[in-house]
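Q: Counting from 0, one number per residue, gives the positions in the sequence shown under numbering that gives the first Met the number 0.
No lab work stands behind these hints, which were simulated from the structure alone.
For glycine and all other residues, C-beta sits at the position ideal for the given N, C-alpha and C.
Nothing false has been slipped in among the hints.
Derived DSBU-like pairs (lysine-lysine); straight-line CA-CA distance at most 35 Å:
| # | residue 1 | residue 2 |
| --- | --- | --- |
| 1 | LYS15 | LYS25 |
| 2 | LYS43 | LYS25 |
| 3 | LYS25 | LYS2 |
Label pairs and their calculated CB-CB ranges:
| # | residue 1 | residue 2 | range |
| --- | --- | --- | --- |
| 4 | GLN31 | ILE1 | 21 to 29 Å |
| 5 | GLN31 | LYS2 | 22 to 30 Å |
| 6 | HIS48 | ILE4 | 53 to 61 Å |
| 7 | PRO9 | ASN47 | 53 to 61 Å |
| 8 | ALA29 | LEU7 | 28 to 36 Å |
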Amino acid sequence: MIKWIKRLLPRQDREKERELQAVKHKASLAMQRYSECSTEIKAKIEQNHFARYLVYEKGGSTEHAHN
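Please work from the sequences and hints to get the whole structure.
A: The structure is reproduced here in structure tokens:
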């Protein structure tokens, strides 16, 4: 039924829908890559026993790790 309704939409709306789906896909891939890299970095930090030298502050995005 949705496909039938989408066929009735003007061409411009269908093109915008395709663009939106492409952007969603790219964002999803970027988030997946970020998550994988984050996990990999955390594993390396633990493996090298580097984490004990870092102090993390919880807060907004302007907060960073400090020595």
